[in-house]
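Here the structure of chain A is known, so what remains is to put chain B in place on it, guided by the hints.
Chain residues, written in single-letter form:
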Amino acid sequence: MKAFPEILSFIRDMIMQYHSPLGLSPNTLGSWCQKPNNSLDGKKSKKVLYSGGLHVMMAIIDRLRHVLPLMMKDPSKEGRIKLLRKFTFINKRTLPMLSWHAKLKEIPRKALEILHYLGHEDITCLPEEPYNGSLLLELGFKQDAVAYGEFLRDYFKEQNVEEIIVIDPHTFEMLAHFYPQNVKEFDFKVVLIHDLLLRHLDAFRMQKDSSSIRVTYHDPCIYSKRLSNPIIEQPREIMSQINGLELIEAFNHGRRSRCCGGPVELLFLELSKEISRDRLEHLSQTGARMIMTSCPICYISFNRVKKRADEFIIKDLIEFLHENLVKRGHFS
Amino acid sequence: MKNDNNEPRGHLSHWKCYYQTFRKALEDEAFREGVSRATTNYEKGIVSLLARHPESEIWAREVRDIKERSIQQLSSLLKTAKDTFEDKGVVVIVVKDKIEALSVFDEIIGSGKVIVKGKSMTTEEIRLRQHLMERGNEVWETDLGEFIIQLLNDRPMHVVTPSLHVPRERVAQVFTKYMATKLDPRDVNAMVLAAREFLREKYYQADFGILGANVISANDGVILSIHNEGNIRFSGVMPDNLIFFTGIEKIVPTFEDAMKVALVTSRYSKYKVAGYYDVWGASDDFKSRNVHLILLDNGRSRMIKDNDFREAAYCLRCGACMYTCPVFKIIAGNFGGSTYVGGIGAIWTWFVETEATATPAVFSCLNDGSCKIQCPIDIDIPQMILKLKERIVNDQSDR
Chain A
-16 MKAFPEILSF
-6 IRDMIMQYHS
4 PLGLSPNTLG
14 SWCQKPNNSL
24 DGKKSKKVLY
34 SGGLHVMMAI
44 IDRLRHVLPL
54 MMKDPSKEGR
64 IKLLRKFTFI
74 NKRTLPMLSW
84 HAKLKEIPRK
94 ALEILHYLGH
104 EDITCLPEEP
114 YNGSLLLELG
124 FKQDAVAYGE
134 FLRDYFKEQN
144 VEEIIVIDPH
154 TFEMLAHFYP
164 QNVKEFDFKV
174 VLIHDLLLRH
184 LDAFRMQKDS
194 SSIRVTYHDP
204 CIYSKRLSNP
214 IIEQPREIMS
224 QINGLELIEA
234 FNHGRRSRCC
244 GGPVELLFLE
254 LSKEISRDRL
264 EHLSQTGARM
274 IMTSCPICYI
284 SFNRVKKRAD
294 EFIIKDLIEF
304 LHENLVKRGH
314 FS
Chain B
14 MKNDNNEPRG
24 HLSHWKCYYQ
34 TFRKALEDEA
44 FREGVSRATT
54 NYEKGIVSLL
64 ARHPESEIWA
74 REVRDIKERS
84 IQQLSSLLKT
94 AKDTFEDKGV
104 VVIVVKDKIE
114 ALSVFDEIIG
124 SGKVIVKGKS
134 MTTEEIRLRQ
144 HLMERGNEVW
154 ETDLGEFIIQ
164 LLNDRPMHVV
174 TPSLHVPRER
184 VAQVFTKYMA
194 TKLDPRDVNA
204 MVLAAREFLR
214 EKYYQADFGI
224 LGANVISAND
234 GVILSIHNEG
244 NIRFSGVMPD
254 NLIFFTGIEK
264 IVPTFEDAMK
274 VALVTSRYSK
284 YKVAGYYDVW
294 GASDDFKSRN
304 VHLILLDNGR
314 SRMIKDNDFR
324 EAAYCLRCGA
334 CMYTCPVFKI
344 IAGNFGGSTY
354 VGGIGAIWTW
364 FVETEATATP
374 AVFSCLNDGS
384 CKIQCPIDID
394 IPQMILKLKE
404 RIVNDQSDR
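Protein chains in written order, with the working numbering: chain A, -16 to 315; chain B, 14 to 412.
Chain A with its partners taken away, still in its complex shape (with noise of 0.2 Å):
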């Protein structure tokens, strides 16, 4: 008898054969890699800025918010994901997406722009971006996640790749731990932006224009908890350097802190939104207006439990950078 439901497997097939789980192709992934700026038109890039396909894919997914509980409320009832199953040639072609989270899925361009302007011109984008693979390994398709990581490193080599700069949790932990310890020759040098940011943290000496905000941080649990290196203080000591920012930090943060819920909606969304109820509560405990974050999932779960849109600002820290320099007038 069957032991698991039949959206694993979908997931699971999406992501070998169209490489995203959603089924979007690698260009509306990295459509947020625009020419001629940031991709070297035409030419070979050594080094680049890779989202993972994730910004792009949580955008998606927030606008589908009202859609994905009719497919994935109950595992148990499979009918609409075996009827979705016929619906998956659309990947083949750029889908025209009118509706995404435009914010979130312009933090990777962001991110690059904040990386020119640091002086790293020489990094780029690919145009075409497919997915990390992360879920594969996350729902047990270990096999799957090391051929994937075969796909992905030829994928990169072909493109002449030597660096990749990550700028999310799920695509570090895949690129820097899991392909490089399970797939052959998946030799990259793998650099977290936040290694980048910490050499330049004159640049975000900034005096923010308005009056002093107050600012919990979440941590990502691969970043505070999954990695033997956790990455926890970076984060805040980029952000001690922006006057009037007021960290508050929550009971539960660092090492301790808790998930946003994300990692179990694909099977179990209800009890995926109350987790994410309840972390959200315990970060307003502490009185802070905005929460800032540094995964692509975390944002887009605490994003559709607000009670009210203008409840709190959540934001990537890139996307909070970022605004910063365009209001001392380093970007249009």
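A hint or two may mislead.
If the Cβ cut is set under 8 Å, some of the chain B residues that face chain A in the computed set are [what the hints assert, rightly or not]:
no.	residue
1	343
2	380
3	382
Since the hints were derived computationally from the structure, they do not count as laboratory data. Where is the CB? At the ideal position from N, CA and C, for every residue including glycine.
What follows is chain B alone, placed relative to chain A:
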């Protein structure tokens, strides 16, 4: 639809049951409030306790080492324990599974007896209370939380605080019904007193006491129990006949090892010092009484032999990982199996219940790592959950 073992049958039936059960919990406001209060109190308390007592972490590292060594040499420890306890007049029986365990209990107890019980997850594992009652015995749980669960015909939601989800109003209601005295839900002390008075009579009437064990020393032939209410002491001393029932993984070599395990277990359950640490078997007392020690395997050997999961057998059952788990904070013991709950419970369920029962629990784990961070002995629950997921999907792919 259920099969002969009263388990759900059909395509994804376990998933359906699991989903329906936790949905009820999601909608039960009193349940959610109780769980939230208990888990928040634990978190605040444990952070403060460990900050005041940094030695706890040093002890915890020692206990990890003790558990590793003990599980490694379990076969010889079992043999030693059998010899030392038998020298003290204890009848030692190792049982391979639930059916064998229940049959041994039937043989020893028979029917028509009064039995007082201490809280024990191992007895929950074989549904001992229910079985003995079906055989015509009068059985009473003496731990207050477990007593509440018994009266409500519910199941424990946590290994240390089984009734953490039951609001005091509901306790007052059920106590009023059973004890024929009107109880005010605001007066917790009065409810505790009422339970004590009710149970006191049962201790005097009891033919048998059944106790679990937090840890057993093989070399010294002693059993340690941790409790807070004095009920275990009463249950163990008052009846003429005493049965200890626990898993084979609870054995360590020496009394010193056992004391360290007991201290770390209670410390990470959020007690600087627990109410009572009872040491059974140190004197000649057992020689004049009818005492049995029943040790249950029921999948534990299979778990220990499997290199990917041996670590799960080190679990002290302090409950720390559950209080801090984001899934547990919402649905409590509905996350896990029918006996063992939380992420560690999902792993245990795989071995001591059925793989099908464990599967939905395995996939409702966030793999966020908070359990591993809270675990005093650093059991890598997230890694084992990932391994189980691999086994589940590979098993499916192979067919």
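Against the structure, the hints come out as follows:
| no. | hint | in the structure |
| --- | --- | --- |
| 1 | 343 | holds, 5 Å |
| 2 | 380 | holds, 6 Å |
| 3 | 382 | holds, 3 Å |
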